[in-house]
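Assemble the whole structure, with the sequences as input and the hints as a guide.
Just so we're aligned, residue 826 is where the sequence shown starts under my numbering, counting upward by one.
These are computed hints drawn from the structure, not numbers from a lab.
Note that the Cβ used here is the ideal one computed from N, Cα and C, for glycine as well.
Take these hints with a grain of salt, some might be off.
Claimed, not checked - Computed spacing ranges between beta-carbons, pair by pair:
#1 Ala886 x Val834: 26 to 36 Å
#2 Ala886 x Glu926: 30 to 40 Å
#3 Asp949 x Glu829: 27 to 37 Å
#4 Thr841 x Lys940: 10 to 20 Å
#5 His830 x Asp949: 40 to 50 Å
#6 Glu829 x Arg881: 23 to 33 Å
#7 Leu946 x Lys855: 18 to 28 Å
#8 Arg881 x Asp912: 36 to 46 Å
#9 Ser931 x Glu878: 34 to 44 Å
#10 His830 x Ala852: 50 to 60 Å
#11 Gly913 x Thr848: 33 to 43 Å
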Amino acid sequence: RKMEHNDYVATHKDYTESVDALTAAIATIKKQNYDRAQATSMLVQVKQDLIPEQARRAIDAFVANTESADDLDSGAPEAAAYESHSDGIIEVLEKLKDKFEDERSSIEKEEQNDKHAHEMLVQDLTNSIS
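This is how it looks when you write it as structure tokens:
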């Protein structure tokens, strides 16, 4: 039971850190004049093994796009008709955040059920000995 709980704690921590990083990245990207380096560093904090392949490709494309845009930012003013191309990545990140929150809730429920089953077993064994 202790090993199961330790696994739960580690997995819960991974999901929580990933949700926090996604929340911060989404907020940063949504700002009109977002800091590309900061948004990119927040996306890198998301646990890569938790991200589905399709979302990983979208994030990689966004990171590559922001890096090339940073190379072009040489102090020249932006055109007044600039349109943000980050809406797609925001949608992907919000879906990924929702998915992580759902999975985190699922493991929380599973942990509660496992804990309850363990406590019931201990109680039954204690009662059978008495």
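Okay, the hints, checked on the actual structure:
{"no.": "1", "hint": "Ala886 x Val834: 26 to 36 Å", "verdict": "holds, 34 Å"}
{"no.": "2", "hint": "Ala886 x Glu926: 30 to 40 Å", "verdict": "violated, 24 Å"}
{"no.": "3", "hint": "Asp949 x Glu829: 27 to 37 Å", "verdict": "violated, 19 Å"}
{"no.": "4", "hint": "Thr841 x Lys940: 10 to 20 Å", "verdict": "holds, 19 Å"}
{"no.": "5", "hint": "His830 x Asp949: 40 to 50 Å", "verdict": "violated, 20 Å"}
{"no.": "6", "hint": "Glu829 x Arg881: 23 to 33 Å", "verdict": "holds, 29 Å"}
{"no.": "7", "hint": "Leu946 x Lys855: 18 to 28 Å", "verdict": "violated, 48 Å"}
{"no.": "8", "hint": "Arg881 x Asp912: 36 to 46 Å", "verdict": "violated, 19 Å"}
{"no.": "9", "hint": "Ser931 x Glu878: 34 to 44 Å", "verdict": "violated, 21 Å"}
{"no.": "10", "hint": "His830 x Ala852: 50 to 60 Å", "verdict": "violated, 33 Å"}
{"no.": "11", "hint": "Gly913 x Thr848: 33 to 43 Å", "verdict": "violated, 18 Å"}
In the structure shown, a violation is registered for the earlier hints numbered 2, 3, 5, 7, 8, 9, 10, 11, in ascending order.
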